[in-house]
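If you read the protein sequences in the order shown, they are chains A and B. Its first residue numbered 1, the first sequence is counted upward by one per residue in this note's numbering. Its first residue numbered 1, the second sequence is counted upward by one per residue in this note's numbering.
Please note that the accuracy of each hint is not assured.
Per label pair, the in silico range of CB-to-CB distance [said to hold, decoys possible]: (1) B:Asn70 with A:Arg68: 33 to 43 Å; (2) B:Ser18 with A:Glu5: 45 to 55 Å; (3) A:Tyr73 with B:Asn51: 29 to 39 Å; (4) A:Thr79 with B:Thr82: 37 to 47 Å; (5) B:Gln60 with A:Glu5: 18 to 28 Å; (6) A:Ala108 with B:Thr31: 31 to 41 Å; (7) A:Asn18 with B:Lys55: 41 to 51 Å.
Below are the PhoX-like pairs computed for lysine-lysine, each with C-alpha atoms no more than 25 Å apart in a straight line [said to hold, decoys possible]: (8) B:Lys14 with B:Lys64; (9) A:Lys98 with B:Lys14; (10) A:Lys98 with A:Lys54; (11) B:Lys55 with A:Lys98; (12) B:Lys20 with B:Lys64; (13) B:Lys55 with B:Lys14; (14) B:Lys66 with A:Lys98; (15) B:Lys55 with B:Lys20; (16) B:Lys41 with A:Lys98; (17) B:Lys66 with B:Lys41; (18) B:Lys20 with B:Lys66; (19) B:Lys64 with A:Lys98; (20) B:Lys55 with B:Lys66.
One-sided excerpt, in silico: chain A residues whose CB lies under 7 Å from chain B [claimed, not checked]: (21) Gln42; (22) Asn45; (23) Leu103.
Treat the hints as calculated values from the structure; they're not laboratory data. All C-beta atoms, glycine included, are put in the ideal place defined by N, C-alpha and C.
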Amino acid sequence: GIQVEQSPPDLILQEGANSTLRCNFSDSVNNLQWFHQNPWGQLINLFYIPSGTKQNGRLSATTVATERYSLLYISSSQTTDSGVYFCAVYDHAGNNRKLIWGLGTSLAVNP
Amino acid sequence: GAVVSQHPSRVICKSGTSVKIECRSLDFQATTMFWYRQFPKQSLMLMATSNEGSKATYEQGVEKDKFLINHASLTLSTLTVTSAHPEDSSFYICRPGTSGRYEQYFGPGTRLTVT
Chain A
1 GIQVEQSPPD LILQEGANST LRCNFSDSVN NLQWFHQNPW GQLINLFYIP
51 SGTKQNGRLS ATTVATERYS LLYISSSQTT DSGVYFCAVY DHAGNNRKLI
101 WGLGTSLAVN P
Chain B
1 GAVVSQHPSR VICKSGTSVK IECRSLDFQA TTMFWYRQFP KQSLMLMATS
51 NEGSKATYEQ GVEKDKFLIN HASLTLSTLT VTSAHPEDSS FYICRPGTSG
101 RYEQYFGPGT RLTVT
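Throw the hints in and build the complete structure from the sequences for me.
Dropping the structure here:
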């Protein structure tokens, strides 16, 4: 099955710093999503980005599907950006659209 | 975005008892519900997939007699942890299937502690 790897596993930033999170996947995919899990456990969609680049405020994401990776950029980080960032792709097999998850990048933004 | 609720948000129970977790999709109908378990500092692990009105499909290694899933309506699915043990302590999250949409919405999670 598809493997999803994320790096770095942990990241500590000072408020205002920029960062890049990476997601590699082992097979061609036609879908990829980035999620943020806040410190209380709530998961939120950030981007659906099978290819190309999208931006939403201080966050942007780029997926290069032919090279099997995606990047999440966080600019001018804030303490509220803390939490775990996951990327996930859909499993091709079957019809129930299971998500295959990376292990996440745990981000701590210090004031 | 869609609203998904879970109840309870946090529960502590004694070993051997059963706990029911409810997941509701409040503003759309979910024919499919995904149930996940997440241990501390780990990723989400899919436990089972349920379809409204039919039996759930469990992932390998998940005991179907221990984790009972009911998906009786398009807006409500329940997960019952039967005869809970301390190793069942975890964070349980539901995700309604969003057919035709790319965005995914998750319940806020239920933190189960078995003493």
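Checking each numbered hint in turn, tell me which of them this model violates, lowest number first.
2, 9 and 13
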